[in-house]
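Given the coordinates of chain U, assemble chain G onto it according to the supplied hints.
These are the residues of each chain, in order.
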Amino acid sequence: MSQTEDKLLEHNYDGILEYDNPLPKWWVWLFILTIIWGIGYFFYYNITEIGPSQHEEYIAEFNTGSDDAMRLIQQMNEKWAAIAYVPITDNDALEQGKAIYAVNCVSCHGANGEGGIGPNLTDNHYIHGGGIENTMNVIINGVPEKGMISWKPLLTPEEVQLVASYILTLKGTQPANAKAPQGELWEQ
Amino acid sequence: MSIDSSGSVNPKDLETFSYDNVIVRNFAWATIIWGIVGFLVGLIIAIQMFVPAYFPFLDLGISYISFGRLRPLHTNAVIFAFVGNAIFMGVYYSLPRLAKAPMWSILLSKLHFWGWQLIILSAAITFPLGLTQGKEYAELIWPIDVAVAVVWVIFGINMLMTLVKRRERHMYVAIWFYIASWVTVAVLHIVNSLVIPYSILESYPIYTGVQDALVQWWYGHNAVAFFLTTPYLGLMYYFLPKAANRPVYSYRLSIIHFWSLIFLYIWAGPHHLLYSSTPDWVQSLGTVFSIMLIAPSWGGMINGLLTLRGAWDKVREDPVLKFMVVAITAYGMAVFEGPMLSIKSFNALSHFTDWTIAHVHVGALGWNGMLTFGILYWIIPKMWKTELHSKKLASLHFWIAFLGILIYAAPLYWAGITQGLMWKQFSPDGFLMYRNFLETVTHLVPMYAIRALGGTFFLTGAIIMLYNLIMTMKRGSFMAEETFKAPAMASIHNEKVNHRWLEGKPMPFLIASLVVVLVGGIFEIVPMQVIKSNVPTITSVKPYTPLELHGRDIYIREGCYLCHSQMVRPFRNETERYGEYSKAGEFVYDTPFQWGSKRTGPDLHRIGGKYPHAWHYQHMYDPQSISPGSIMPRYPWLLENSLDTSLTSNKIRALMTLNFPYPTGYDNVAHIDVRTQALEIVEELKVTGIETTHDKEIIALIAYLQRLGTDIKGESKPIFNKP
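Residue numbers (the working numbering), protein chains in the order written: chain U, 1 to 188; chain G, 189 to 911.
Chain U extracted, bound-state conformation:
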């Protein structure tokens, strides 16, 4: 593409001239290669369907990859099956439970369990029963018709146990702006 190759055409548009230069070779090759690639791509994925469809890719995501999703899901299911419905009383653990509560529960149940969108967690009345087992089950399965989501996809079994244990400690704390009791009186 040296200057000497340039040859002016007899074009003149408002003083604009044009050279009769050939197409740059690399450009032509780039164009041809992308066309070949394009045809190949369409054949591979859509004509012969050798390449996976996006649904097949999705399914494959669970069976391959470094974290081996299927194995992890299996492991997690085993953990859920072996979950312990026992309150934890260790102070450090309760601190962890409090942290989980602060991130996930505050928006509906209030910073101190006083209730809001969701029920008050500090009184003696329960809609779905009190105690560790009921509390954990409500957290795990949710009460979709009342707007309590299932936290199973979001918390580990240990985390559910920690946060439920923390919630039990709120009982009787009488926070400010407490919501009126809902549900049945619960006595153990």
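Worth double-checking, as some hints may not be accurate.
[As the list claims (entries may be wrong)] Quick list of in silico lysine-lysine cross-link-like pairs, BS3-like style, CA-CA up to 27 Å:
1. Lys-570(G) / Lys-580(G)
2. Lys-901(G) / Lys-720(G)
3. Lys-673(G) / Lys-146(U)
4. Lys-730(G) / Lys-353(G)
5. Lys-771(G) / Lys-786(G)
6. Lys-730(G) / Lys-771(G)
7. Lys-152(U) / Lys-901(G)
8. Lys-684(G) / Lys-573(G)
9. Lys-612(G) / Lys-152(U)
10. Lys-612(G) / Lys-298(G)
11. Lys-353(G) / Lys-171(U)
12. Lys-771(G) / Lys-884(G)
13. Lys-884(G) / Lys-146(U)
14. Lys-146(U) / Lys-730(G)
15. Lys-884(G) / Lys-7(U)
16. Lys-430(G) / Lys-673(G)
17. Lys-353(G) / Lys-502(G)
18. Lys-612(G) / Lys-79(U)
19. Lys-200(G) / Lys-532(G)
20. Lys-730(G) / Lys-532(G)
21. Lys-7(U) / Lys-693(G)
22. Lys-662(G) / Lys-7(U)
23. Lys-79(U) / Lys-152(U)
24. Lys-7(U) / Lys-684(G)
25. Lys-353(G) / Lys-720(G)
26. Lys-98(U) / Lys-146(U)
27. Lys-612(G) / Lys-502(G)
28. Lys-152(U) / Lys-771(G)
29. Lys-25(U) / Lys-7(U)
30. Lys-532(G) / Lys-720(G)
31. Lys-901(G) / Lys-146(U)
32. Lys-884(G) / Lys-730(G)
Note that these hints are calculated values from the structure, not bench results.
Quick caveat, the model's predicted, so the values are computed rather than measured.
Only chain G this time, still in chain U's reference frame:
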């Protein structure tokens, strides 16, 4: 003046005519003013993205200036007002000079100018009022769409008749781009704007769900192609060789890259819909044609940059060329990045993140912005017969704008990659690492603040330009007309039928371009409309109840789709986060479709039933009270405004013409269902201690949000009141 191929010209054969600079001046002013307005609105919404995090007291809860309403104002102002007026400025300057004929009709020129400014003004009024069609870059309501079509036709007639009356036998490459752009934009605008009006201002598109998505992104992508790119290539082909005083590098390259560009560009729209519910084959076409576009797009860049061979010393001196070189380079980068983002594995990371925003701003600020500035700095001194007031200030503008683009784009690339990776990250025990979407947002807020700084730079540069150009005008004297002499067009007989021949035939050229762009559109869009198997039916999917429909229209009015997608992609991390991935059959009663293109907030397709009504009520009133750290603005007016139900039956009737299966005569009784469903929601809210009435807008919005994505579960079966 050129010498005709028939030989030397007898002076008495020369015809005298003049070019109208007034229209060019008017469009130049409109470009500058709307440009500054567009940048300013962009800066305002950029600031709004970090205000809730840093200065929550500044979120005043005023509907007219909320993000969702200003964002369409920003995009439309920049695309159609700034770039649009710049195109017209360039065409009205270059076309008469290239054709050696004045614009055909000064009246049409004036109608075009004032018509276009009125359209922009009406956009600036309607968007803050929440009047929108809810499709990106096609938000203008239908009466304005009609006006756009009329003004566009006026422009076309004026342009084509000028070419018919031309004295230069052959059309220069710039004109090819003008013609192809004009005809393609006409087709895109009309096809994507087909609607069924239900009031004098509002309407529903005739397309639904997947079809609407495909038509919209065929339009949206080609608005980028045939509004932001091809007309600007035309401008580049005129103003760059003029400013550099160098011949164009290769005429042959012009021919090949022009035709391949317009042919391939039109197909690439589906790359906006990768991993969506559109059929795989459509997505593949989007990918494949985007990759094949690299060379044709780069053809324009090569022809531009190689034209500057031997003129690089001038580039160092001349601010006009500096702007143009950066513009062409930004173009070359953006048209390479675009195809990369169209590769599905890249797209899986970049889509819905700020990466897209960075990408489009390299194009808009770099290519369109810098080229426009270059042209303005060249054209104003020419028309005012003087020198630029200050080269130093122009250089300052150049550097401040250049830096502005970097400061704008870099943090957003960072934000896009960061968030894309965070969404996908799993912890070792198989949970999402960032289970709360908000965690991935709070990381980005500092990036949003830096971005606004970049925007401030860019805007400041434009204001410096305004001052410099005003001073230039003051020192010169404006030539309202420029008189030229040229012989009439000589007729040539027995011309060989080749490309050179076609360059002498405006109408056949127009038809040829139309055919070339129609091929791609027909291949992609028609099968989607006709072949049923492209959208597998899901029998449990039913139309929205009238209350949900009202809620949906509020969702559209507030521009929720600009920050929330409704498209769960088939990725493990997304089904983990949101629920089952979105299926084509779920959207058959969505008009307009609301898939969105950006997730500033989480996807909402599976939001239905996830939270209680009270959650939505509180969250719309003050998002930070529910989600501390959220950057979503407040929507207090939804809790106060009464729902306008006067159009309930009109809306239902409009949808029934689209064959939505409402019972016959349902339009007359739909209002009863509105009330019944609203009262149920009010009752539920009461249980959680929220007192409100059934006629509030928030109730309709809650109804819609609670319905979203639930039909596939086969649980909710809306029962429509029989007349």
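Straight-line alpha-carbon gap Lys-152(U) to Lys-771(G), limit 27 Å: Within the cut-off at roughly 24 Å; holds.
Proposed proximity, Lys-693(G) with Lys-7(U) (alpha carbon, max 27 Å): At roughly 26 Å apart (the allowed maximum being 27 Å), Lys-693(G) and Lys-7(U) satisfy the hint.
Given pair status - Lys-901(G), Lys-152(U), alpha carbons within 27 Å: holds (19 Å)
Pair hint Lys-146(U) and Lys-730(G), alpha-carbon separation not exceeding 27 Å: Measuring from Cα to Cα gives roughly 24 Å; hence the hint holds.
Given pair status - Lys-720(G), Lys-901(G), alpha carbons within 27 Å: Holds, at roughly 22 Å.
27 Å limit on alpha-carbon distance, applied to hinted pair Lys-353(G) and Lys-171(U): violated (89 Å)
Lys-98(U) paired with Lys-146(U) [C-alpha distance capped at 27 Å]: holds (24 Å)
27 Å limit on alpha-carbon distance, applied to hinted pair Lys-884(G) and Lys-146(U): Measuring from Cα to Cα gives roughly 22 Å; hence the hint holds.
Straight-line alpha-carbon gap Lys-730(G) to Lys-771(G), limit 27 Å: Measuring from Cα to Cα gives roughly 14 Å; hence the hint holds.
Restraint status (C-alpha distance of Lys-353(G) to Lys-720(G) at most 27 Å): violated (49 Å)
Proposed proximity, Lys-146(U) with Lys-673(G) (alpha carbon, max 27 Å): Cα-Cα ~82 Å, so violated.
27 Å limit on alpha-carbon distance, applied to hinted pair Lys-884(G) and Lys-730(G): holds (25 Å)
Of the numbered hints listed earlier, those contradicted by the structure are 3, 4, 8, 10, 11, 12, 15, 17, 19, 20, 22, 25 and 27.
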